[in-house]
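Peer 1: Chains as they are written, first to last, in the working numbering: chain B, 23 to 305; chain A, 3 to 682; chain V, 11 to 464; chain Z, 3 to 174.
Quick caveat, the hints were computed from the structure, so don't treat them as lab data.
Small disclaimer: the values here were computed from a predicted structure and weren't measured.
Keep in mind that a hint or two might mislead.
Cut-off 20 angstroms, straight-line C-alpha distance, at most; resulting in silico cross-link-like pairs (SDA-like, lysine to any residue) [as the list claims (entries may be wrong)]: (1) A:K337 with B:Q241; (2) A:K337 with A:E680; (3) V:K30 with B:S76.
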Amino acid sequence: MATVAARPRLRVGIVKMASCDGCQLTLLDLEDELLAIAERFELVEFPEASSARSAGPYDVLLVEGAVSTPDQAADILELRRKAKLLVSVGACASYGGIQALRNWSDHDAIRAAVYAHPEYVESLNAATPVSEHVKVDAELHGCPISPDQLREVLVSVAVGRRPQIREEAVCLECKRRGTVCVMVAEGIPCLGPVTQSGCGALCPSFRRGCFGCFGPREQANATSLARTLAADGREDPDVARLFAGFTGWSGPFRAVVAAYGGPPGVIPYAVPESAEGGRDGRG
Amino acid sequence: MVIDERLPYAPYPAPAGTAVAAPPAPIASGGGVGPWFLARANLGVLIDLLREDGRTVIGPAVVDGAVTLAEVRSVDELPAGVGDEQVPGRYRLVQRGDRRVFDFAVGPTSPKRWTFPPVVPLNVGRRDGRAVSFEPSPIDPPRLAFLGVRACELAALGIQDRVFLGGPYTDEDYHARRRNALVVAVNCTTAASTCFCTSMGTGPEARGGYDLVLTELDEGFVIRAGSPDGADLVARMPVRGADAGQMLRAAESVGKVAAMMGDPVPTAGLHDRLLAQFDSQHWSRIAERCLSCANCTMVCPTCFCSSVTQRSDLDGDVSTSERVWDFCFTAGFAKVAGGSFRSRPRDRYRQWLTHKFATWVDQFGTFGCVGCGRCIAWCPVGIDIRAELLSIAPPLGARPEPVRPKPVAATPGFYATARIVSVRPETADVTTLTIGDVDPAFLAGEFGQFAMVAVPAFPPVPISISRFGRDTIDLTIRAAGPATAAIIGLGPRDEIGVRGPLGTSWPIERAMGHDVVIVTGGIGLAPLRPLLDGIIARRDRFETVRLFYGARTPADQLYREELRAWAARGDVEVELIVDRGTPDWTGPVGVVTHLFDQATWDGEHALAFVCGPERMMEATVETLESRGLPPDRIFVTLERHMECGIGLCGHCQTGGLFVCRDGPVFALSQLGGIFGREGM
Amino acid sequence: MGAADTTVPTAASGRDREFKVDYITRVEGEGSLVLQLREGEVTEARLRIFEAPRYFERLVVGRTGDEVIDIVARICGICPIAYQMTAVHAFEDLYGVEVSPAVRQLRRLLYCAEYIQSHALHVFMLHAPDFLGYPSVVAMAGDYRPVVEQGLAIKKLGNRLISVLGGRPVHPVSVRVGGFSRVPWRRDLDGVRAELDEVVELARATVGLVASWSPPDHEHAQPLVALRHPAEYPYSDGRIVSTDGLDLAPGDWREAFEEHQVEGSNALHARTHDGRAYLLGPTARIILDADRLHPMAAEAYAATGLAGEIRSNVHRSIVARAVELLGACAEARDIIDDYRAPAAPRVPFTPRAGVAAWSTEAPRGLLHHRYEVDEDGQVTAAQIVPPTSQNQGAIEADLAAFAPRVLDLPHGEATQRLEMLIRAYDPCISCATHFLDLRIIDRGREPERAPAAG
Amino acid sequence: MTLPAPSEFAGADLALALSGSWFGAGLTPEAVTRLAAIAEVRDLVPGDVVVAEGQVAETLGIVLSGRIALRMLVPERGTVTILTVEPGDVVGWSAVVAPYRGTDDAVAIEPVRLLTFSGERLRLLLRADPLLAASLYPRLLQSVGRRLAATRMQLLDLFAREEWVRSETKQW
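With these hints in hand, go ahead and build the complete structure from the sequences.
Peer 2: Spelled out as structure tokens, the structure:
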């Protein structure tokens with residue numbers, strides 16, 4: 023402990039899968055500390071910001087994005103082998119993100135709907151979180167992640183402690199900052215009670231309902247919230263669309279989306295003629 | 003109960019129907035004249051006077067669809083003609099079109115936000131080579147005036163006073179904020195459907211705890227003073243004596259509100275009825291709806307739980323600690339190294355509800371609920387505690403013994419710096435640190451007490467004191483997580499922050515003249531070592547002394563040389579057992595109770611001291627009871643998530659007890675149904 | 011991913027050369043370059059994108075305008091506001107929504123803020139290392155710390171401004187059809203305003219600084235396309251104009267342009283109907299809208315005397331970007347000074363069926379959205395054309411024109427020059443991915459199918 | 003306590019030794035008498051095996067002094083001591099419970115004095131005398147039950163160190 027400063031600089035890599043790059047941009051958005059971080063850590067792999075490359079090994083590897091193509095599925099296995107600590111960064115890496123909404127739809131149909139030549143497009147049937155492929159040591163949530171939490175992960179690795187990331191509902195941040203509850207006072211549907219905190223309760227502070235971009239909190243009782251929203255006169259599709267957001271593929275939210283008829287615009291799976299028993303397990 | 007006399011006015015009387023009756027509060031006469039009448043047009047004078055006195059006025063204002071509390075700079079900002087409709091899970095503003103400014107029921111925010119703010123800085127910890135220091139953050143609260151505080155909120159302030167100022171420890175930050183705030187109360191002339199202050203005995207009429215109180219009439223306000231400060235204000239305001247008609251109308255309008263509410267929550271016997279329902283299936287039914295989102299606790303004007311968070315620089319050399327609102331509904335709140343004590347939402351809801359209406363009474367002599375109804379209106383799924391309380395409808399049950407906490411002065415942000423004298427590895431993951439330069443309070447510490455130990459950038463951890471030396475203490479620490487790993491990674495001459503000694507101790511005097519049975523497992527021997535030291539130092543005062551010690555493997559035994567030395571004395575029976583034998587281990591293998599479940603001694607004249615994992619203690623207690631030891635002669639330690647160490651942060655609450663303050667050592671009889679029950 | 015070699019010298023001698031950059035760094039997203047020369051003539055110049063397909067055009071189907079605004083922001087973490095703005099204008103245009111002047115100014119302020127952070131990011135952190143000879147801004151900071159700190163200070167202000175208006179720099183949350191979900195109080199902007207004076211000066215200094223950096227020799231003027239507004243420098247309003255005399259309403263992009271596949275690359279490119287490549291972004295805007303620059307930016311631009319070079323050498327786009335950066339900072343200051351919170355943050359609207367189409371100027375150039383909407387306001391079909399996919403033809407044409415100049419350089423240096431040219435476009439491949447995917451399946455097998463049931 | 007050598011034990015001594023043990027204390031006097039009639043005292047030296055895992059259990063024993071370890075062989079980990087049998091308790095209960103095969107190795111780890119009953123004779127006796135069986139079996143069940151409870155506690159591994167990376171939390 024007394025010799026923290028003498029520790030070697032940790033080798034940090036930042037790589038991406040299917041994503042918008044916004045989470046890795048968050049590192050560059052730590053303007054006040056970027057240079058100090060670069061001194062404290064060796065950013066050995068960060069192709070968005072540096073032409074110097076490294077194939078590993080990494081003390082910490084931050085992975086952005088969902089696993090969406092066969093190459094990515096192979097790459098992530100290789101990356102895991104090279105990383106002491108692997109941190110999935112953001113809603114895509116941790117929950118599949120926005121592109122995971124396609125997982126409800128028939129893959130071929132989606133490809134054909136977007137591409138004139140779907141045969142040239144290679145993607146997996148589902149866009150999935152990194153943790154479905156390899157062991158993940160920590161997850162940073164959010165679309166995008168919170169710069170403070172990213173910093174906390176780096177500090178905790180450097181200092182050698184567990185990151186202090188609170189497991190609690192967005193409501194706690196909302197009430198701490200003194201925002202009037204948009205759901206109770208204005209009837210705006212809000213996923214705050216079932217969503218992990220970390221954003222600072224941003225959307226309610228802008229008089230919007232939370233759309234769950236930090237994903238379900240521990241033991242999220244999404245079913246009860248959905249029931250309440252439905253009892254407030256909403257049609258099933260309108261309940262489903264609330265939960266079918268940037269973390270809609272996460273377990274608790276996915277269950278609600280499924281229970282309320284799936285996300286908007288879904289193209290149902292074609293049932294192959296040879297299939298014995300349908301997808302719903304009828305047999 | 004001790005209430006600091008520097009408060010500007012007498013404490014609010016305990017709500018009716020609770021266990022401890024507080025004496026009626028003497029309310030200052032306010033110059034002996036009154037009540038007065040303040041014309042509506044002159045209400046602004048009051049706000050201006052308060053501001054002239056250098057106070058920030060916190061009063062009702064319409065913000066984002068609700069009448070909430072905010073800084074009020076002029077009378078125009080008050081919610082004239084605005085009312086509200088509140089039902090479970092729903093709040094809407096209503097425009098009435100009249101000029102009344104206080105004709106609404108309480109909104110989402112209570113004065114708690116200012117008396118117990120969501121975030122309060124505690125200290126800045128620094129490390130410089132081997133040296134560490136903790137600089138407490140200054141306490142410098144603003145001068146406030148609360149305007150429009152309702153009777154239920156006054157009661158809540160009174161309850162907060164008991165929590166933060168009425169026990170053996172006081173929260174200095176709260177104290178300073180409270181002392182700096184002036185209270186202008188308003189009697190309720192309207193109630194929401196969610197209100198039930200009548201049941202809790204707190205309203206709708208303010209009964210003390212204010213500097214001024216207003217009752218709104220169409221043409222103005224009937225006004226009374228409750229303190230010299232209030233009387234002084236009245237003297238500077240354009241008031242005249244209220245006439246009989248005004249006084250009558252004021253009383254009638256408040257009385258009408260009381261009649262409207264009725265008595266939705268019969269509180270007679272509620273404490274016992276609730277405590278009898280720990281195992282009710284009803285908790286599971288509530289948990290199907292409950293989101294564990296903590297909105298009920300956050301809007302509650304009395305909930306006081308908190309956590310400490312750290313933020314450090316990149317090297318962990320400078321870290322800032324803050325106290326933040328936290329609640330029994332969050333996952334990490336009751337977590338210890340082995341997991342959460344309340345992992346199920348049903349347990350969290352039970353913890354909250356039984357605390358509010360039962361165990362709070364044991365702790366503070368009043369209910370923790372004032373009937374403001376906020377938790378009903380602001381619950382996103384509209385759970386109504388009044389209905390839940392009625393559904394549980396329980397028979398009478400037993401009450402735990404009252405608890406006598408032991409006073410030790412301490413403040414959560416304050417860590418004294420001490421220096422490590424020596425480091426001795428005990429096992430692969432347990433190390434004993436001998437600490438010098440400690441706060442002299444430690445040298446008067448008692449066997450079984452613990453210390454909060456901190457290094458910058460890590461959360462502080464509670465550590466039992468495993469030996470009291472002449473001018474040192476020993477801390478035996480297992481690397482259970484990063485913070486403990488960081489502490490035992492320190493070396494001689496490194497400094498650490500310590501706070502304590504805290505908690506209750508083994509009642510060694512009671513054991514004198516008795517047989518002593520000590521049963522322990524794993525690292526549980528550490529807090530018992532001072533007891534053994536103490537017994538051995540005065541060995542002739544005790545009858546037989548038996549130590550039964552279980553460990554995972556022979557290599558996991560603590561203090562092996564001392565164990566041999568104690569055994570060699572001949573007057574202490576030392577029996578060791580391990581869970582897993584190794585080839586070189588010829589001693590017994592099995593659980594610790596195996597050592598005496600076939601032995602011939604009986605426990606009729608014995609006192610037992612037990613420390614270890616809770617499951618092990620349960621088995622031990624069972625065996626001890628079968629040997630004739632009654633629950634009041636069996637002493638156990640509880641482990642809970644402890645953060646503040648002095649019963650103010652709420653993490654370690656179990657039933658009506660704060661484990662850090664009322665324990666960690668308890669007579670089994672004190673614990674009643676708590677011991678060994680899941681989800682406490 | 012995690013590639014070790016970025017360049018592979020395959021035919022490194024004489025006038026036949028092949029350059030491959032497997033992973034173009036310091037751009038947003040994942041792409042590669044293949045450039046082949048035979049006898050000194052370019053036979054192939056191909057910018058490949060292997061960013062995973064994300065299917066955004068399908069993901070917005072069934073969603074309403076406000077949902078679309080949130081979803082399309084996720085196309086790009088660097089310019090989410092451009093996507094939000096294009097979508098919100100498209101829907102408001104269809105629904106006939108007239109926002110208040112104050113809301114319109116706030117939206118312009120938000121766009122200024124995006125320009126500030128995006129341009130500062132590119133100028134200082136992605137492009138400057140090329141001019142100064144470093145692999146990254148972090149490496150550059152060793153010798154040019156004040157320059158890096160200058161860039162960080164400007165970028166930070168842009169991010170702060172976005173945060174005040176939209177909550178957070180990446181994927182802000184306040185833009186709604188009809189206005190904003192919440193508008194700032196005047197006092198919310200005071201903190202940013204207090205720092206703007208200094209940042210405007212930093213931005214002004216940036217123009218002179220980047221103008222002093224010598225670009226590689228190159229001359230290849232291409233057709234330019236940008237929005238043009240009667241009174242203001244174009245962000246989210248104006249008509250589509252070009253150096254070839256084009257003049258279209260912002261929703262009518264399809265009348266002049268189309269997406270199609272280029273033989274031999276299977277890439278979807280946007281071209282004019284007659285098959286020409288064109289260039290978007292700072293270069294196009296500053297040439298086509300020079301007379302609309304903020305006076306302070308116009309003055310700094312004139313002082314560089316580089317208008318001609320900017321037109322013909324894309325490496326000089328860094329100067330255009332710096333001028334725009336100054337313009338955005340200066341205009342942000344003006345807007346804040348004049349700001350009074352609108353009475354209502356947004357106006358009500360009624361959805362109706364039709365086509366919602368609009369174009370705005372993202373930092374990287376013209377961005378076009380087109381949504382077919384049903385009577386409930388739900389999208390039934392979408393087309394999103396990001397600037398980088400439109401620039402792709404221009405990039406490849408520029409590479410072909412530039413390649414002979416690097417022919418005699420050592421391989422590593424030559425490829426670095428080619429990458430530098432690509433970076434001059436500030437390509438945003440993440441944006442492009444949602445409909446561009448240039449992977450050629452060459453393993454002789456069928457594409458994967460949905461899993462068989464059972 | 004000094005005990006006479008095994009050969010010196012007479013019937014009354016055997017009955018006394020039996021009823022003085024924890025196990026025997028729970029039996030009826032009649033049962034003690036009948037059991038003592040078929041009992042023998044055996045002295046074991048460390049290493050002697052009373053019951054072998056998987057083998058036919060020949061004897062039921064009551065430990066009078068010393069300690070017997072119950073061990074199991076775990077492939078790749080060697081022999082593990084599961085539990086030790088303390089004085090007063092029973093060893094070799096499988097001698098009276100079908101299929102009469104040892105569930106573990108019972109090995110003396112100290113000099114042990116054991117009161118033993120031939121499994122075969124005991125089974126005959128129990129079959130012939132339901133009252134004796136009714137007295138002995140509950141005691142046996144109590145002993146086995148206690149062992150089961152203790153084993154569960156060991157299974158919980160209460161003193162184990164918590165893992166740094168915990169499964170219940172998503173972070174770290």
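Peer 1: Run the distance test for K30 of chain V versus S76 of chain B: straight-line Cα separation, threshold 20 angstroms.
Peer 2: Judged against 20 angstroms, a Cα distance of about 18 angstroms means the pair holds.
Peer 1: Verify the proposed pairing of K337 of chain A with Q241 of chain B, using a straight-line Cα cut of 20 angstroms.
Peer 2: 15 angstroms, holds
Peer 1: Quickly compare the C-alpha distance for K337 of chain A and E680 of chain A to 20 angstroms and report which way the hint goes.
Peer 2: Since the Cα atoms of K337 of chain A and E680 of chain A sit roughly 14 angstroms apart, the hinted pair holds (cutoff 20 angstroms).
Violation of the numbered hints given earlier is absent; every hint is satisfied by the structure.
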